[in-house]
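Those sequence lines, one after another, are chains V and E. Here the first sequence stands for residues 1134 to 1360, numbered as in our numbering. Here the second sequence stands for residues 1134 to 1360, numbered as in our numbering.
Everything labelled a hint here was simulated from the structure, so no lab data went into it. Keep in mind the model is a prediction, meaning the values are calculated, not measured. One should not assume that every hint holds.
What the hints assert, rightly or not - Covered by chain V, per the in silico footprint, the following chain E stretches (three or more residues, Cβ under 8 angstroms):
#: 1; stretch: 1203 to 1217
#: 2; stretch: 1259 to 1268
As the list claims (entries may be wrong) - Away from chain V, derived, C-beta distances all over 12 angstroms, residues of chain E:
#: 3; residue: Met1134
#: 4; residue: Asp1138
#: 5; residue: Glu1177
#: 6; residue: Ala1183
#: 7; residue: Asp1251
#: 8; residue: Ala1254
Claimed, not checked - Per label pair, the in silico range of CB-to-CB distance:
#: 9; chain 1: E; residue 1: Arg1154; chain 2: V; residue 2: Ala1241; range: 49 to 57 angstroms
#: 10; chain 1: V; residue 1: Ala1158; chain 2: E; residue 2: Asp1160; range: 30 to 38 angstroms
#: 11; chain 1: E; residue 1: Ala1342; chain 2: V; residue 2: Arg1154; range: 42 to 50 angstroms
#: 12; chain 1: V; residue 1: Asp1138; chain 2: E; residue 2: Asp1160; range: 17 to 25 angstroms
#: 13; chain 1: E; residue 1: Arg1143; chain 2: V; residue 2: Glu1242; range: 27 to 35 angstroms
#: 14; chain 1: V; residue 1: Ser1260; chain 2: E; residue 2: Asp1160; range: 20 to 28 angstroms
#: 15; chain 1: E; residue 1: Ser1260; chain 2: V; residue 2: Thr1173; range: 36 to 44 angstroms
#: 16; chain 1: E; residue 1: Gly1308; chain 2: V; residue 2: Glu1242; range: 36 to 44 angstroms
Think of the CB as a built atom: it goes at the ideal place given N, C-alpha and C, for glycine as much as any other residue.
Number of protein chains: 2
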Amino acid sequence: MRASDTVRMRIETEIQSGALRPGDAVDERSLSERFHVSRTPAREAIMQLAASGLVRMSPRRGAVVTEISAEEAINMMESLVSLEAEATMLAAGRLRDDEIEELERIHAEGEEAARARDSGAYMAYNSRFHELIYVGSRNAYLAGLIRQARLRMTFYHRSSLTQAARVAASWEEHGAVLAAFRDGDVAVAGKRMRDHILSGGRVYADLVAALTEAGREGGAERTEQVG
Amino acid sequence: MRASDTVRMRIETEIQSGALRPGDAVDERSLSERFHVSRTPAREAIMQLAASGLVRMSPRRGAVVTEISAEEAINMMESLVSLEAEATMLAAGRLRDDEIEELERIHAEGEEAARARDSGAYMAYNSRFHELIYVGSRNAYLAGLIRQARLRMTFYHRSSLTQAARVAASWEEHGAVLAAFRDGDVAVAGKRMRDHILSGGRVYADLVAALTEAGREGGAERTEQVG
DNA sequence: TTGATGGGTTATGCATACATATCGCCACCT
DNA sequence: AGGTGGCGATATGTATGCATAACCCATCAA
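Work out the full structure: start from the sequences and follow the hints.
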């Protein structure tokens, strides 16, 4: 394992967790000091993050955690909807019976979190549910595209599932997809996943628009109240 | 412009052109000597290429131009079909009349290359045609995903359009998509693009399978005869 | 008071030196 | 004769030094 990889992963974690927020500077020196490495691996970690889109580099001006505009957010959601629907259709035709049973178990476990409006627990369940579908698609490349897109949206996307109403609806929509899996209905499974992602996406797009607006009005501090 | 960026772009060009072939080593020292830079930007270029999937790095063992297995090729084609269809459906609903006219002009210009079975000229036309659709989708993120996927497949994909029969069929299929654009029929445009990419994809998958097979039998040299 | 200008500061970008793991080769042992 | 172990060579990974461009702020003029 290279030092640059560990630095990269730790930054990714900090962005996911919200410790690093869109617009925050990611500079070589502070990274090298925090992780006790020289500037070289710190710099390489930043470049890797830039390649995956998590940070944006300007020559001679350093890197900042990528801020997503409302337009970009809509574009990414549009793409994610398509990718998730495709993965779901592939999975609908390829999931083995025991994998569908596994999905049902996980879905049953998620009900408690959904009822309790426990967004932390629900997000953990949500990840497991979707991840099983990616694997079930038998398409590692497609799964990678989806994971990368979701990773880039985490800061904003996280927030959409903190809305209590959304959690309950999300769980119901998962159930609808699962029913289509049991029926082996590829087209219906795809459509239901498309609707599911779109539902979350609407919340997400609104949030990004709100953040963008707040950022324009009152500077970065203003986003605090929403995250 | 950073030195690492120019090095990266030149390597990308060499991979696209076939000067660098899957399995070829890409080492820091030779890059730094060829492009008259130090090892640092050469190394950074390699890491950027690795992030986009064009080369594969093994810790302490250097980088090689990514070799695509038959399974990976199928996965990438499956994904590309979905992405291109999505971009086409978006474009069908968003292209302005003058953009459709531009597409028609380009398509008309491509007829000559198609008739002459001039695969070089046809590939140039082909890129322009598809590129206009990506732009017409009004989704820069989706367009980026498609370009990245196509870039990763260039070495193999190039070859599919060198088949004379495929060139003629490809041009006809473009015409069918264009007709759907004129009719403003989103679903039909998407379906026709899906079929179009799939047609090329079949040739492509066969080719990768052949290369993989050849590689297993006779080592890397064996792929020479196909490229 | 506001704007422009210039110098100092600092972080990035590149070059280079050093550390270390991997690989190939050869001798030696079985 | 074939396999194994160690040694040398080489390339990667890391650290550090140097050059330069961008930023900040003070100073000055309108």
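Hint-by-hint comparison with the structure:
Restraint check on the stretch 1203 to 1217 of chain E versus chain V: 7 residues with Cβ-Cβ distances below 8 angstroms, three needed, restraint holds. Given as covered by chain V, the stretch 1259 to 1268 of chain E fails the check, having 0 residues with a CB less than 8 angstroms from a CB of that chain where 3 are the minimum. Methionine 1134 (chain E), annotated as away from the interface, has a beta carbon of chain V within 12 angstroms; the closest lies near 7 angstroms. Non-interface status of aspartate 1138 (chain E) relative to chain V is broken: a Cβ of that chain comes within 12 angstroms, the nearest being about 8 angstroms off.
Against chain V, the non-interface label of glutamate 1177 (chain E) is violated: not every CB pair exceeds 12 angstroms, the least being about 6 angstroms. A Cβ of chain V approaches the Cβ of alanine 1183 (chain E) within 12 angstroms, the least distance being about 8 angstroms, so the stated non-interface status is violated. No Cβ of chain V approaches the Cβ of aspartate 1251 (chain E) within 12 angstroms, the least distance being about 32 angstroms, so the stated non-interface status holds. Every CB of chain V is more than 12 angstroms from the CB of alanine 1254 (chain E) (nearest about 31 angstroms), matching its label as outside the interface.
Restraint check, arginine 1154 (chain E) to alanine 1241 (chain V): a C-beta distance of roughly 51 angstroms satisfies the suggested window 49 to 57 angstroms. Distance hint check: the CB atoms of alanine 1158 (chain V) and aspartate 1160 (chain E) are about 34 angstroms apart, consistent with the given range 30 to 38 angstroms. Distance hint for alanine 1342 (chain E) and arginine 1154 (chain V): a CB-CB separation of about 47 angstroms, consistent with the stated range 42 to 50 angstroms. Taking 17 to 25 angstroms as the suggested C-beta distance range, the pair aspartate 1138 (chain V) and aspartate 1160 (chain E) conforms, at roughly 20 angstroms.
Under the hint 27 to 35 angstroms, the C-beta atoms of arginine 1143 (chain E) and glutamate 1242 (chain V), about 52 angstroms apart, miss the expected range. A beta carbon spacing of about 39 angstroms between serine 1260 (chain V) and aspartate 1160 (chain E) contradicts the range 20 to 28 angstroms that was offered as a hint. Between serine 1260 (chain E) and threonine 1173 (chain V) the Cβ separation comes to about 38 angstroms, which falls inside the hinted range of 36 to 44 angstroms. One distance hint, 36 to 44 angstroms for the beta-carbon pair glycine 1308 (chain E) and glutamate 1242 (chain V), is violated here, with the actual separation near 52 angstroms.
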